[in-house]
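K.L.:
Read top to bottom, the protein sequences are chains B, Z, V and A. Quick note on numbering: the first sequence equals residues 1 to 342 in the UniProt record's numbering. Quick note on numbering: the second sequence equals residues 1 to 342 in the UniProt record's numbering. Quick note on numbering: the third sequence equals residues 1 to 405 in the UniProt record's numbering. Quick note on numbering: the fourth sequence equals residues 1 to 405 in the UniProt record's numbering.
Treat the hints as calculated values from the structure; they're not laboratory data. Incorrect hints may appear among the rest.
[To be verified] Cross-link-like lysine-lysine pairs, in silico, DSSO-like; alpha carbons within 30 Å at most:
1) V:117 x V:187
2) Z:320 x B:125
3) Z:125 x A:187
4) B:61 x V:187
5) B:61 x B:198
6) A:117 x Z:123
7) B:123 x B:38
8) V:117 x B:123
9) A:322 x B:48
10) B:123 x Z:198
11) B:123 x V:187
12) Z:48 x V:322
13) V:322 x B:125
14) A:322 x Z:38
15) V:117 x B:38
16) A:187 x Z:48
17) B:48 x B:61
18) V:187 x B:38
19) B:320 x Z:125
20) Z:61 x Z:198
21) B:198 x B:48
22) Z:232 x Z:125
23) B:123 x B:198
24) V:117 x B:48
25) A:187 x A:117
26) Z:61 x A:187
27) A:322 x Z:125
28) Z:38 x Z:61
29) Z:123 x A:322
30) Z:38 x A:117
31) Z:123 x B:320
32) Z:48 x Z:61
33) B:125 x V:117
Single-letter residue listing:
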Amino acid sequence: MAAPVKSTVDTPTSSVQNLTIGKALNLGLRRAMEADDKVIVMGEDVGKLGGVFRITDGLQKDFGEHRVLDTPLAESGIIGTAVGLAVRGYRPVCEIQFEGFIFPGFDQISSQVAKLHYRTQGKVKVPIVIRVPFGGGIGAVEHHSESPESLFSHIAGLKVVSCSNPVDAYWMIQQAISADDPVLFFEPKRLYHSGALKAPVETAATPDPLFASRVLRRGDAATLVAYGPSVKVCLDAATAAEEEGRSLEVIDLRTLSPLDLEPVFESVRRTGRLITVSEASAESSLTSEIAARVQQECFYSLEAPVLRVTGFDTPYPPSKLEEHFLPDLDRVLHAVDRALDW
Amino acid sequence: MAAPVKSTVDTPTSSVQNLTIGKALNLGLRRAMEADDKVIVMGEDVGKLGGVFRITDGLQKDFGEHRVLDTPLAESGIIGTAVGLAVRGYRPVCEIQFEGFIFPGFDQISSQVAKLHYRTQGKVKVPIVIRVPFGGGIGAVEHHSESPESLFSHIAGLKVVSCSNPVDAYWMIQQAISADDPVLFFEPKRLYHSGALKAPVETAATPDPLFASRVLRRGDAATLVAYGPSVKVCLDAATAAEEEGRSLEVIDLRTLSPLDLEPVFESVRRTGRLITVSEASAESSLTSEIAARVQQECFYSLEAPVLRVTGFDTPYPPSKLEEHFLPDLDRVLHAVDRALDW
Amino acid sequence: MPSPEQWTRPEPGAGPAATAAEPTPEQVIAGLRATTEGGAELTQLLTPEGERVSSAMFDPYVADIDAEALRGLYRDMVLVRRADREANAMQRQGQLGIWVPLLGQEAAQVGSGRALKPRDMAFPSYREHGVAYTRGVDFRELLGIFRCTDHGGWDFQQHRFHPYTIVIGNQVLNAAGYAMGQKFDGKVGGADADETAEATICYFGDGATSQGDVHEGFVWAAVYDAPLVFFCQNNQWAISEPTERQSRLPLYQRARGYGFPGIRVDGNDVLGCLAVTRWALEECRHGNGPVLIEAFTYRMDAHTTTDDPTRYRLSDELEVWKHKDPIERVRVHLARTGSADQEFFDEVQAEADRFAAELRDYCFNMPEPPPERVFANVYAEPSPVLEAQREEYLSYLAGFGAGEH
Amino acid sequence: MPSPEQWTRPEPGAGPAATAAEPTPEQVIAGLRATTEGGAELTQLLTPEGERVSSAMFDPYVADIDAEALRGLYRDMVLVRRADREANAMQRQGQLGIWVPLLGQEAAQVGSGRALKPRDMAFPSYREHGVAYTRGVDFRELLGIFRCTDHGGWDFQQHRFHPYTIVIGNQVLNAAGYAMGQKFDGKVGGADADETAEATICYFGDGATSQGDVHEGFVWAAVYDAPLVFFCQNNQWAISEPTERQSRLPLYQRARGYGFPGIRVDGNDVLGCLAVTRWALEECRHGNGPVLIEAFTYRMDAHTTTDDPTRYRLSDELEVWKHKDPIERVRVHLARTGSADQEFFDEVQAEADRFAAELRDYCFNMPEPPPERVFANVYAEPSPVLEAQREEYLSYLAGFGAGEH
Ligand SMILES: Cc1ncc(C[n+]2csc(CCOP(=O)(O)OP(=O)(O)O)c2C)c(N)n1
Ligand SMILES: Cc1ncc(C[n+]2csc(CCOP(=O)(O)OP(=O)(O)O)c2C)c(N)n1
Ligand SMILES: [Mg+2]
Ligand SMILES: [Mg+2]
């Protein structure tokens, strides 16, 4: 096995770095690999190329080919061998190149990754992280802009999270890797390299827990709940609403399974109105689940039904049309209007 | 191609036959194969054996090996070649042996079956039926008792239906086969051979449309909505409730995607209370979707939140424990109590 | 029909090589023959008549199998068969939900299982009760799966015997990953490989070879030089489908396309299976893996207790295979060579009966799992949503007990 | 290292055949060599120097390719390359969202595409613009995918050219099913097979060979004797991964394990590709399918316009392959044999420029799809739920236009 590795990326004297989501993920992966030499990264083109989004950039150079594996081109193989490596004591971090290509690996995820721990009454742990760049808005061809996270949230035995900003990206990836459960880690690909989202990451801080949602902005007129790339849309909507004199509360779910809805319940009890936002199609999705649970928990607090702003129940359209498919500031505000006028 | 085939099973002089769900499906398949020689049946053990549940019993003998294919053991292969056969003009009916084995075929279903029509702007049709015996209660080992239908209802481009009785089984399978869209056809396996459910199937009747839900029983205290094997549970619950003087409305969804919720809305407007029942885990499921839509459409009619009685958010347990996992009459009635006491 | 070697480079010719629209008769016959006989390439050390055949290559791998060791293998097979039959009977009596019989495959399982060193790892499918036994898994620990009280209960690390895998093919990739881990851990090759190196064995059936996962397992193991023995028990049937529904060629030849060795062994010959598997494991431990073994055998019973094989196969076939019984040939050999007397055989039988009686006793007294078990161990780190579901259900149950309805 | 044939039956020996824990140097070198040269088994009719090599087996398949026909193939390749370069440039100018260049693969695509009869069917991956061209698909019809205005717009039945498939490997199973349909329709074999029989060709890359779907396609086609030509363009790279990340052996040898022919052809030799594909299609039409062809070629440009190959490969490699250019060797051959003069080459160039200009013109003037298109053709028979979503969104849009916000 490789000897402990000293990263070539020096931690700067200050523990604060100004990072994009992409760079924060890269640094988080690096830290996790330094901390535990059982952590290995595997996937298509994650080595020399550093992944098509460069999230694994430089890792193979520094940690070697046995810890950063350019695998054969087959997703079931990636996940299925990761399971075996996990049984052997490794902590594999698998990269799926685009969310649209997770489906060949679906069987291993639902039949093995999700069930081994249960099947063995806890005797076999499956500490695998499956990183999935997801979502649209990048002007891509088919299969490169989807949001399949709801499927995994329906499968018991998996944990599912999504980050929306560099600080979370840095911490959540490390927390996911050190978690003993399998974690599907959904990354908002169109924000990877967003300069606007660059943020100071205090690497010496104590992070929030992984499986907790977070109120990002306080408000009282209505509550917006989102995750991943839609968080920014909601924050922008809240800013715009403020100019019109409406204060909207914004909650970043962060954990999609298990859902941490306590902060949402608490918020809805105050605002009486909830809009859930996601790029995924609506039917049998996370937004359905949130609506179902909130209408039950906050039955007497709701002054309007929970409204959903989502991708439509169509396949992802050709990307020249994606602006129509993707929830945007206007559709969110329109839903707020509807909720307030109910 | 085979010449038109005269079935060896003679239609009895009377057009009414008393059938189980399993026999009704078998007869429906037979009728569909007689009506259109492009209809072919394919899957594991569907030939000589007639399928592990005998739903395709006798078909290979009567229609030949080119129309009833014992395929190699690989679900992606079954679905993937069915797509090619459909492009060639065939109407393949694929049998998945147990719902737990649909996952190796998930990629072909979500990437090709669901999207080819959209991708080609309607130029390529995919009239495939994927038959899936589903649900628990048969005392089976792992992977043989699951309810994955919600996953497919989340994927746009698929249609999803489920039958709950012999009459529907007979008609719906034929309608699904003649539909030009891909249909996931979920069959309540534990009821296949239920003598109690045997019913007269009037083969000369005009059937209800495929994509329509149906009110099975009128009532005014609360509405129960279910599909597949849970319909019987709800009907039994309604019978029991009646003895206690409560009249429950029972709706069989029949179509899971697209959902036909108009009858549900109409019912909830009268009863003010809805309980959705399904063996599937709750999170991001069809029951979530129904709750989400009903709370929106019937916001002012609901006198209690929509309640859900479902399998838990766990993998399917060892079947000695399945009575705890599966919604039963008592859990349904308990939910009715809660709704009425809200 | 050209040989497969020729197929990789067609012979010169002026036009299309043949004109048949249907598979050629030769093709069909070759396929059929391949599935009913072992073919010329079958490795065999002990014939169905109990005669020891010598093999320059494989004899060294069973040089240590003296009369005592062979009696041990005999005993293993008799015990395993007896337990299998007992479990089958218990299913008929409603004590088990289902049973997956291994009848006929005792030699393939005991031979390959006994080839493993304690530090090697095994990934079974769902029929490998004989392998489980060789790994020290108590037969009783297997029963939970089939009585449906659990999904698998033994200690996987201690026995180095992975959980049963029901979804066909999945375990092949899992095994490939595990074997990669052995390699990454430096447990392959080296000067003292015979003492310290590890290998993995993975079991799957003839039908499984069609699954994408099995292919990907071949690709991965080949590309990463994983110390992995693919052990395919070709029992001629995948439920109702004969092997020619899965392949044109004998299955061991599948390895050709990946660049690692493939070999066919008489799966009813416990010595042959032991030798070939030992050889394959050594190749793997020394860094020459992976290796594919096709153990040519026969499923003598139904696919499972829910299956009715009379619907799809002739009893003639069964009769033919009875003559190749894996246990009988060892008995004959032991007797003929004077390595065992009737007393020994009687003793083993008596032991097997005791073994079965204990199994039965255990089975009849197995406790029902408590309802909490539904919710247990879904996650290593608890999920609040699930905890709430559990609390709600358990208190509902309690109230229910208290006569709420 | 033993040859693959030996691997199916190991040689006698007293112990493990080797002791290395790492892949043997030979293994590594064999892998590398296999990916940088064609190897001894490469079929070639036209050398990189433009010399015609004779082949007893394959010459008959190009007996009709006279000077005029060869000029036609030259023209095809020049046009296809010119259009490819134009599209690449348009992507750089922001007119296309992405482009998937075929540079270097013109011979593999034009040669194989021209081997098809109109009634044959082709299943492309996403890089087969050259094949599309030979199927009569207007290059402009391809642009929608890359301009992201549609997911594929041509008439698939008329051109007998299936939609592009992006999910690696999926189309191989779809093609196998289609070819099974041809067989079930009685379109394989028969006395007048040359006139009436049909075959299918399916394109995929070297990287794709690892996918389970490709394996299952091999299994299905073999078991159903499907008239299917598997055409693997081994362009040496799957994005940043060289072929040895996918296989130990040359890819055409994969066919060995399934019992059908596998052959490697110089993918930069349009005559060779034409001849071998014609041969393979005829085999299929006569009932001897499937057949695997590995066209040994090179991806001269980036994987797509979003890719930066300097991160993972040396330019030396590119330089070596430049000498094997598929178009240049035909030009040299035509000139040397007096089959074409400068005027012809100039004319083709001019035609290619016009072709590119039209393409550019078309691209710049492509209309934006209307928002309704998001909702169109999800189903053949409408879904009320979706109709409601559409109505709601369109009326929202209309209100929005009317200045609701
Ligand atoms: C993915 C998947 N599909 C279908 C099944 C149902 N099934 C269980 S065993 C079996 C046949 C397996 O045959 P083979 O691989 O030859 O193993 P054997 O049972 O003969 O040992 C099938 C189809 C399954 N378990 N998993
Ligand atoms: C299932 C799947 N996984 C990953 C990808 C992303 N991807 C697109 S092309 C490609 C490499 C394909 O290589 P190869 O098969 O050699 O074809 P080439 O691009 O070289 O023509 C990858 C990994 C994909 N499209 N589909
Ligand atoms: Mg078998
Ligand atoms: Mg390639």
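K.L.:
Each hint: holds or not?
P.N.:
Verification of the hints:
| no. | hint | in the structure |
| --- | --- | --- |
| 1 | V:117 x V:187 | holds, 13 Å |
| 2 | Z:320 x B:125 | holds, 24 Å |
| 3 | Z:125 x A:187 | holds, 22 Å |
| 4 | B:61 x V:187 | holds, 24 Å |
| 5 | B:61 x B:198 | holds, 25 Å |
| 6 | A:117 x Z:123 | holds, 22 Å |
| 7 | B:123 x B:38 | holds, 19 Å |
| 8 | V:117 x B:123 | holds, 22 Å |
| 9 | A:322 x B:48 | holds, 24 Å |
| 10 | B:123 x Z:198 | violated, 45 Å |
| 11 | B:123 x V:187 | holds, 23 Å |
| 12 | Z:48 x V:322 | holds, 24 Å |
| 13 | V:322 x B:125 | violated, 43 Å |
| 14 | A:322 x Z:38 | violated, 50 Å |
| 15 | V:117 x B:38 | holds, 25 Å |
| 16 | A:187 x Z:48 | holds, 27 Å |
| 17 | B:48 x B:61 | holds, 7 Å |
| 18 | V:187 x B:38 | holds, 15 Å |
| 19 | B:320 x Z:125 | holds, 24 Å |
| 20 | Z:61 x Z:198 | holds, 25 Å |
| 21 | B:198 x B:48 | holds, 25 Å |
| 22 | Z:232 x Z:125 | violated, 35 Å |
| 23 | B:123 x B:198 | violated, 42 Å |
| 24 | V:117 x B:48 | violated, 38 Å |
| 25 | A:187 x A:117 | holds, 13 Å |
| 26 | Z:61 x A:187 | holds, 24 Å |
| 27 | A:322 x Z:125 | violated, 43 Å |
| 28 | Z:38 x Z:61 | holds, 17 Å |
| 29 | Z:123 x A:322 | violated, 40 Å |
| 30 | Z:38 x A:117 | holds, 25 Å |
| 31 | Z:123 x B:320 | holds, 20 Å |
| 32 | Z:48 x Z:61 | holds, 7 Å |
| 33 | B:125 x V:117 | holds, 24 Å |
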